[in-house]
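As they're listed, the protein sequences go chains B and U. Taking full-length UniProt numbering, the leading residue of the first sequence gets 1, the next gets one more, and so forth. Taking full-length UniProt numbering, the leading residue of the second sequence gets 1, the next gets one more, and so forth.
Hints are not guaranteed to be accurate.
Claimed, not checked - Lysine-lysine pairs mimicking BS3-like chemistry, simulated, CA-CA at most 25 Å apart: (1) U/Lys-400 - B/Lys-67; (2) B/Lys-68 - U/Lys-372; (3) B/Lys-196 - U/Lys-16; (4) U/Lys-192 - U/Lys-155; (5) U/Lys-388 - B/Lys-85; (6) U/Lys-449 - B/Lys-84; (7) B/Lys-118 - B/Lys-163; (8) B/Lys-116 - B/Lys-196; (9) B/Lys-28 - U/Lys-450; (10) U/Lys-379 - B/Lys-196; (11) B/Lys-56 - U/Lys-402; (12) B/Lys-230 - U/Lys-402; (13) B/Lys-68 - U/Lys-453; (14) U/Lys-184 - B/Lys-229; (15) B/Lys-56 - U/Lys-372; (16) U/Lys-449 - B/Lys-2; (17) U/Lys-388 - B/Lys-56; (18) U/Lys-379 - B/Lys-56; (19) U/Lys-155 - B/Lys-230; (20) B/Lys-67 - U/Lys-449; (21) U/Lys-30 - B/Lys-56; (22) U/Lys-96 - U/Lys-184; (23) B/Lys-85 - U/Lys-379; (24) B/Lys-85 - U/Lys-392; (25) B/Lys-84 - U/Lys-88.
No wet-lab data here; the hints were simulated from the structure.
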Amino acid sequence: MKVGLFIPCYVNQLYPQVGIATLELLEKLGVDVEYPLGQTCCGQPLGNSGYEADSKGTCQLFVENFKKYDYIVGPSGSCVYHVKKHFDILEQTEDVKRVRENTFELCQFIYQILGKTKLGASFPHKVGIHKSCHGLRGLRLGSCSERMDPHFSTEENLLKEVKGLELKTLNRADECCGFGGTFSVFEEAISVKMGKDRIQDHIDSDVEVITGADHSCLMHLEGLINRNKKPLKVMHIAEILNSSI
Amino acid sequence: MAHAEAATKFNKNEAKVNWHDKALWFVRQKRDRQAHKIQGWEHLRDYASALKANVLSNLDTYLIQFEENAKKNGINVHWAANAEEHNKIVHGILQKHNAKKIVKSKSMLTEECHLNPYLEANDIEVIDTDLGERIVQLAKESPSHIVLPAIHKTKEEVDELFQEHLGTQPSGGNPEYLTREARKHLRNKFLKADAAITGVNFAVADTGGFVVCTNEGNADMGAHLANVHIACMGMEKLIPQEKHLGVFLRLLARSATGQPITTYSSYFNKPEEGKEMHIVIVDNGRTEQLSREDFRRSLHCIRCGACMNTCPIYRRSGGHSYDATIPGPIGSILSPGKDLTKHSSLPFASTLCGSCSDVCPVKINIHEQLYKWRQIIVKDVPQPFVKKTVMKAAGSVLAKPKTYDFVGKTARFMLKNTPKSIINSKVNTWGHARDLPEVKGDNFEEWYKKRQKNE
Ligand code: SF4
Chain B
1 MKVGLFIPCY VNQLYPQVGI ATLELLEKLG VDVEYPLGQT CCGQPLGNSG YEADSKGTCQ
61 LFVENFKKYD YIVGPSGSCV YHVKKHFDIL EQTEDVKRVR ENTFELCQFI YQILGKTKLG
121 ASFPHKVGIH KSCHGLRGLR LGSCSERMDP HFSTEENLLK EVKGLELKTL NRADECCGFG
181 GTFSVFEEAI SVKMGKDRIQ DHIDSDVEVI TGADHSCLMH LEGLINRNKK PLKVMHIAEI
241 LNSSI
Chain U
1 MAHAEAATKF NKNEAKVNWH DKALWFVRQK RDRQAHKIQG WEHLRDYASA LKANVLSNLD
61 TYLIQFEENA KKNGINVHWA ANAEEHNKIV HGILQKHNAK KIVKSKSMLT EECHLNPYLE
121 ANDIEVIDTD LGERIVQLAK ESPSHIVLPA IHKTKEEVDE LFQEHLGTQP SGGNPEYLTR
181 EARKHLRNKF LKADAAITGV NFAVADTGGF VVCTNEGNAD MGAHLANVHI ACMGMEKLIP
241 QEKHLGVFLR LLARSATGQP ITTYSSYFNK PEEGKEMHIV IVDNGRTEQL SREDFRRSLH
301 CIRCGACMNT CPIYRRSGGH SYDATIPGPI GSILSPGKDL TKHSSLPFAS TLCGSCSDVC
361 PVKINIHEQL YKWRQIIVKD VPQPFVKKTV MKAAGSVLAK PKTYDFVGKT ARFMLKNTPK
421 SIINSKVNTW GHARDLPEVK GDNFEEWYKK RQKNE
């Protein structure tokens, strides 16, 4: 099984440590993984802004970069969701179909495809999960509070096995953080307010570290935490799952 | 005014935003508890959605069946292609009976058609009898929510409003006192009404009857006391058979307010002896929406309001920020179909979190339709030059790895070397309230290449 590592553009540029943790974690788990050079983006920022038609070249490049792999794995639910859901704008060749089918969010890949939960990590802190919407309601990484399905969470299944980690329960289990791509700029007031409210929920729930499977949400929350000097840290779930003492 | 602007205004008063958010979240939680009590809730949603899909694809047949059966029961049926026709028909019926005083229970359709101002301009008094609607009517505002029309008003604000209009005593916002006074005031209006107007929640094709749901019994009070009952309905309100009410009534009450059953679910099948009953069936853009394949499902809507209660943006921006008859997520996919330019900011007033689609009892894929509207809007509505240029440029940069590499490095260089005071200044909207990520060392690709070399 050959895996292509998909590192979203903003992770590549702004959060290399998340990419590194993802790669190291996959290697630790014995996955034959490689990072195809020349990646750019999945086209999501364009699509969500209404410029899907201008993103065709970007999407096509993604397919070209990854078509030779059995699986494509990335540490960002919303980008993975975009590939799966919105690459319908491309002509559905065999390559496009296969890439869409075989692209997975990191946690989902570990849990569903590798069938593993015990990863040997240790992280003795109080952790709250931010369940990013595109991962939750798009990729269905877990059950969401709106639907009456039995409780389930991929991230929880993995984090529960981390030594020393104390998982905290939030008052609002899966409310949006208000990032939303360009929404964060065009609807700044609401975006900021939503982020502040999420952060307060974590503080009220005695959380030390907010984690999640989508660093774009975490970037937004981190920006607010740092600005307002709140006693919290954010870490991508790959960093926690890759950590040991 | 664009949504973002109105939302910014609403957010000037953070305490009020918190209060508004909590009030609606409370309703959402009540809904969750009630929905959890039903085994097969998700199944019920599937069923309701399928029933509505069936209705929409056979709408012509069901409408005619409904009309035939209603007529057999002695109900007068009218057809209105648009709001203007609807208002004229209603006015015509009232004129025939020389009706000057009207009581009206909640009907989003009559809001959509702006019936009240039309009738008032023709010297007819219209009193909204739903308490929330009466409050916004007195305040000369529009409903900010389809189920809880006055949810944006605190009890203290209602207190002042009632003092001014109903002559009540200051009570510090005592809900019991205020409700009692409203009741007295409305009772008087009910007794004197010449005609009653109601909405329709469900029109049943195989019986020709219709169902109106209220928690205050105001539809019944109006319809039973007055000699003329006019029920106004959008043409998508049909369900095939009476037995299907068992699906929809269970979903509606729980989704709307978290009640196991709405207090009054009143079945109207025929006029009382000596009285008249009319139904006005209205299109007003619905056929057009039906013809848009991507947006057809928006007509499943049973107006429960759950998508508003769950929407993190609606809860923090208030219903009026949408400047549309139907606010919130469902309004944001319906309104662009009516006036694309006026409502072009609404599909962007969302993070596409998808909570609305998962809460919706009839499974409308609201967030997917928001995404689709965005694609149409940037094509058909002139966009700010900068936004358009940036997006187009981004599209071409991201398709070319070499250019991308250059742009990425430049951006990182800027982030690393520009003083914070500039990065976080006014020109940078991100930086108003949020810090930018701190950039250190190599990007991932550079790191990876180095690692490959050293191996
Ligand atoms: S779209 Fe769905 S959730 Fe929203 S009001 Fe209509 S039926 Fe209710």
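Verification of the supplied hints:
In summary, the hint linking U/Lys-400 to B/Lys-67 is supported, as the alpha carbons are separated by about 17 Å, within the 25 Å threshold. Between B/Lys-68 and U/Lys-372 the CA atoms are separated by roughly 31 Å; this puts the pair beyond 25 Å, and the hint is violated. For the given pair, B/Lys-196 sits about 15 Å from U/Lys-16 by alpha-carbon distance, which is consistent with the 25 Å threshold. With a CA separation close to 28 Å, the supplied pair U/Lys-192 and U/Lys-155 exceeds the 25 Å bound.
Between U/Lys-388 and B/Lys-85, the direct Cα distance comes to roughly 24 Å. Compliance with the 25 Å bound is thereby established for this hinted pair. Annotation: proposed proximity of U/Lys-449 to B/Lys-84 is violated, straight-line Cα distance about 28 Å (limit 25 Å). Taking the CA atoms of B/Lys-118 and B/Lys-163, the gap is about 10 Å. The hint holds against a cut of 25 Å. Pair hint B/Lys-116 plus B/Lys-196 does not hold up; C-alpha atoms about 34 Å apart against a cutoff of 25 Å.
Distance check on the hinted pair: B/Lys-28 and U/Lys-450 sit about 20 Å apart at the alpha-carbon level, within 25 Å; holds. A C-alpha spacing of about 34 Å is found between U/Lys-379 and B/Lys-196, which places the hinted pair above 25 Å, so the restraint is violated. Pair hint B/Lys-56 plus U/Lys-402 holds up; C-alpha atoms about 17 Å apart against a cutoff of 25 Å. Taken as a hint, the B/Lys-230 and U/Lys-402 pair is broken in the structure, with Cα atoms around 39 Å apart against an allowance of 25 Å.
For the suggested pair B/Lys-68 and U/Lys-453, the alpha carbons sit about 23 Å apart, so the restraint of at most 25 Å is met. Distance restraint check for U/Lys-184 and B/Lys-229: the Cα-Cα separation of roughly 54 Å exceeds the 25 Å cut-off, and the hinted pair is therefore not satisfied. Note on B/Lys-56 and U/Lys-372: the hinted pairing holds, with a Cα-Cα distance of about 16 Å set against a maximum of 25 Å. For the hint pairing U/Lys-449 with B/Lys-2, the CA-to-CA distance comes to about 19 Å; that is within 25 Å, so the pair holds.
The suggested pairing of U/Lys-388 with B/Lys-56 holds, with an alpha-carbon distance near 16 Å, which does not exceed 25 Å. Note on U/Lys-379 and B/Lys-56: the hinted pairing holds, with a Cα-Cα distance of about 16 Å set against a maximum of 25 Å. Taking the CA atoms of U/Lys-155 and B/Lys-230, the gap is near 34 Å; set against the 25 Å cutoff, the hint is violated. Of the pairs offered as hints, the one joining B/Lys-67 and U/Lys-449 holds, with about 21 Å between alpha carbons and a cut-off of 25 Å not exceeded.
With a C-alpha separation of about 44 Å, the suggested pair U/Lys-30 and B/Lys-56 falls outside the 25 Å cut-off, and the hint is violated. Taken as a hint, the U/Lys-96 and U/Lys-184 pair is broken in the structure, with Cα atoms around 30 Å apart against an allowance of 25 Å. Taking the CA atoms of B/Lys-85 and U/Lys-379, the gap is about 21 Å. The hint holds against a cut of 25 Å. Of the supplied pair hints, the one linking B/Lys-85 and U/Lys-392 holds, its CA atoms being roughly 22 Å apart against a limit of 25 Å.
Simply put, B/Lys-84 and U/Lys-88 have alpha-carbon atoms about 50 Å apart, too far for the 25 Å limit, and the pair is violated.
When the structure is compared with the earlier hints, violations turn up for hints 2, 4, 6, 8, 10, 12, 14, 19, 21, 22 and 25 and for no others.
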